[in-house]
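Order-wise, the sequence lines are chains H and V.
Reminder that position 378 of the first sequence reads as 379 in the numbering used here, one-by-one numbering, no gaps.
Reminder that position 63 of the second sequence reads as 68 in the numbering used here, one-by-one numbering, no gaps.
Check each hint, because a few of them may be wrong.
Claimed, not checked - Here are the simulated lysine-lysine pairs, DSSO-like style, with alpha carbons at most 30 angstroms apart: (1) 91(H) <-> 14(V); (2) 82(H) <-> 89(V); (3) 27(V) <-> 406(H); (4) 91(H) <-> 89(V); (5) 59(H) <-> 14(V).
What the hints assert, rightly or not - Listed next, the stretches of chain V that the computed footprint assigns to chain H, with coverage defined by at least 3 CB atoms under 8 angstroms from CB atoms of chain H: (6) 16–25; (7) 29–42; (8) 47–60; (9) 63–77; (10) 85–93.
What the hints assert, rightly or not - Some residues of chain H that are not near chain V, with every Cβ distance over 12 angstroms (derived): (11) 314; (12) 343; (13) 472.
The set of hints was computed from the structure by calculation and includes no laboratory data.
Values in this document were obtained by computation on a predicted structure and should not be read as measured data.
Ideal Cβ positions, reconstructed from N, Cα and C, are used throughout, including at glycine.
So the chains spell out like this:
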Amino acid sequence: MLKTIAELSQDLQSKKISSLELTQFYLNRIKELDKDLNCFITVTEDEALAAAKAADEKIASGQGGRLTGIPIAQKDIFCTKGIKTTCGSKMLHNFVAPYDATVVKKLKTAGTILLGKTNMDEFAMGSSNENSHFGPVKNPWDKDCVPGGSSGGSAAAVAALLVPGATGTDTGGSIRQPAALCGITGIKPTYGRVSRYGMIAFASSLDQGGPLTRTAEDAALLLNAMAGFDEHDSTSVDLPVPDYTATLNDSIKGLRIGLPKEYFEGLNSEIAKKLEEAMREYEKLGAQFKEISLPAMHLSIPAYYVIAPAECSSNLARYDGVRYGYRCADPLNLEDLYKRTRSEGFGNEVKRRIMIGTYALSAGYYDAYYLKAQKIRRLIRDDFVKAFKEVDVIMSPTAPSTAFKFGEKTSDPISMYLSDIYTISVNLAGLPGISIPAGFNSHLPIGMHLVSNYFEEARLLNVAHAYQKVSDWHTRTPTGI
Amino acid sequence: MSLTPEEVKKIAHLARLNLSEKDIAYYTPQLSNILDFVAHMDEIDTTSIEPLAHPLDLPQRLRPDTISESNQRELFQSLAPEVKVGLYLVPKVIEEA
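I would like the entire structure built from these sequences, with the hints used as guidance.
Structure below.
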């Protein structure tokens, strides 16, 4: 089933296929292929089939919308009422959420069918999906390679055609980097554009949800349903949401694309070559390129690895074995309950980040770490603000390499952190960014990263769609899948 | 900027994590490396720069102080490891005199 959400939507509306048939088709693919790929932590077969029947009735009565009857998957970081929500952690292995996240509610209201919850790095901390309590996800393009992370299950499921679209979250690149490594499209919206209510918190000033799909058009369809103000999220921004599909086909003639010189020094030659080919296509469409400079960018990973762990140590303090989730056996006293619950319930990477954050926020170190990082965060933001006076969109690779092998970076946390070198600054600045397929290095996909000014998701999707109309990388599928 | 095993032990306690001697030996060099890497921040002088707490520099929104949630104690407590008569149970905190 090579069809996109946009095509499936037409087939459903014209009754060429029913939602029940479509849902059954994808559930069968999951059964057949996911034992090996491990994209899903939970498959919600019964609920999906019931929802598909209801969707077919809605379509039959002429009340269907563009997403009615479309199967999707939710990253297991989004709370789903009555359905297990683990966040990839032993800490929440038994947690059945008592409410729906706003994103879940909105996608349900739009008529989508939830097929299940996708695998992820524990508490969204990781770039390879190797940190999941439920085992790693395999990259459908090469099963010896990682799918990226932390939204690795969502990305691999879309790439393997187990589902036409899925949600993800992005704190430092967790939508865009796996989208790149799996050869699909993934957009991280502006901070505040998509509600964080019911999205289990990692680093609250950086986390943002968004869709992973095969095409920019599909991302626009899902983002239409996901975006918007939510009174339950105190950092949700109250601005009108445009129809992201309305401007997809706008001309990009005269578009100014910036190339940060810092990003192209020492870049892998195959990735550089593919980006140059994409540039030639954009020039044919009337875009102009301009070299820009983002001088503070080299400090984005150091600043991020203070801010994200600091916020994580504070957010994850709630997991104490008292109100929900994992509890250690036979605690001797309250301190033993807290300490053993947390030591047994969290994995290594989560513990590392909790400890770094705890240290950075501890008495006497606040100015040297957290405050310093927040100051650098302003410099990074200001670099982008300045650049967007000269250009409309900034282009770079999404990741410094294609998918890497399992175990390649697990013993050296910093080498793993560097996987997000092109994406992390965008989270620090709160800007929107998208990754789209730009070719292959041997058999592994290469991602192209585009960043625009605040709340210009429509422009990003337009620029991405313009390229997808003249390229076919996004239509390729892994062999044997 | 390297951490000592004693410092890691202290941090683990502050974070309410139970680390064995073996764990401490495992985490000490890793955490030290991360902090050394983070120290690159000192390459630039930020004395006159205002910290940025919110990526859009927006203040927190306020809402009217009215009740907006209903009581769902039973539902929430059904998720807890141990409850009794509507209370969350933990090991005894106060010792008898």
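Hints and how they fare:
1. Distance hint between residue 91(H) and residue 14(V) is fulfilled; the C-alpha atoms sit about 23 angstroms from each other, no more than 30 angstroms.
2. Taking the CA atoms of residue 82(H) and residue 89(V), the gap is about 24 angstroms. The hint holds against a cut of 30 angstroms.
3. Between residue 27(V) and residue 406(H), the direct Cα distance comes to roughly 28 angstroms. Compliance with the 30 angstroms bound is thereby established for this hinted pair.
4. Of the supplied pair hints, the one linking residue 91(H) and residue 89(V) holds, its CA atoms being roughly 25 angstroms apart against a limit of 30 angstroms.
5. Under the criterion of a C-alpha separation no larger than 30 angstroms, the hint pairing residue 59(H) with residue 14(V) is inconsistent with the structure, at around 59 angstroms.
6. Given a C-beta distance limit of less than 8 angstroms, the hint that chain H covers the segment 16–25 of chain V holds, as 8 residues qualify and 3 suffice.
7. With a cut-off of 8 angstroms between beta carbons, the segment 29–42 of chain V has 7 residues touching chain H; three or more are needed, and the interface restraint holds.
8. Under the rule that three or more residues need a Cβ within less than 8 angstroms of chain H, the assignment of the segment 47–60 of chain V holds, with 11 such residues.
9. Coverage of a stretch by a chain is defined here by at least three residues with a beta carbon nearer than 8 angstroms to that chain's beta carbons; for the segment 63–77 of chain V and chain H the count is 5, and the condition holds.
10. As drawn, the segment 85–93 of chain V meets chain H at 4 residues by the rule of a beta-carbon pair under 8 angstroms; at three or more, the given contact holds.
11. A cut-off of 12 angstroms between C-beta atoms contradicts the statement that residue 314(H) is not in contact with chain V; the least separation is 6 angstroms.
12. For residue 343(H), the requirement that its beta carbon stay farther than 12 angstroms from each beta carbon of chain V is not met, with the minimum near 5 angstroms.
13. No beta-carbon of chain V is positioned within 12 angstroms of the beta-carbon of residue 472(H); the least distance is around 32 angstroms.
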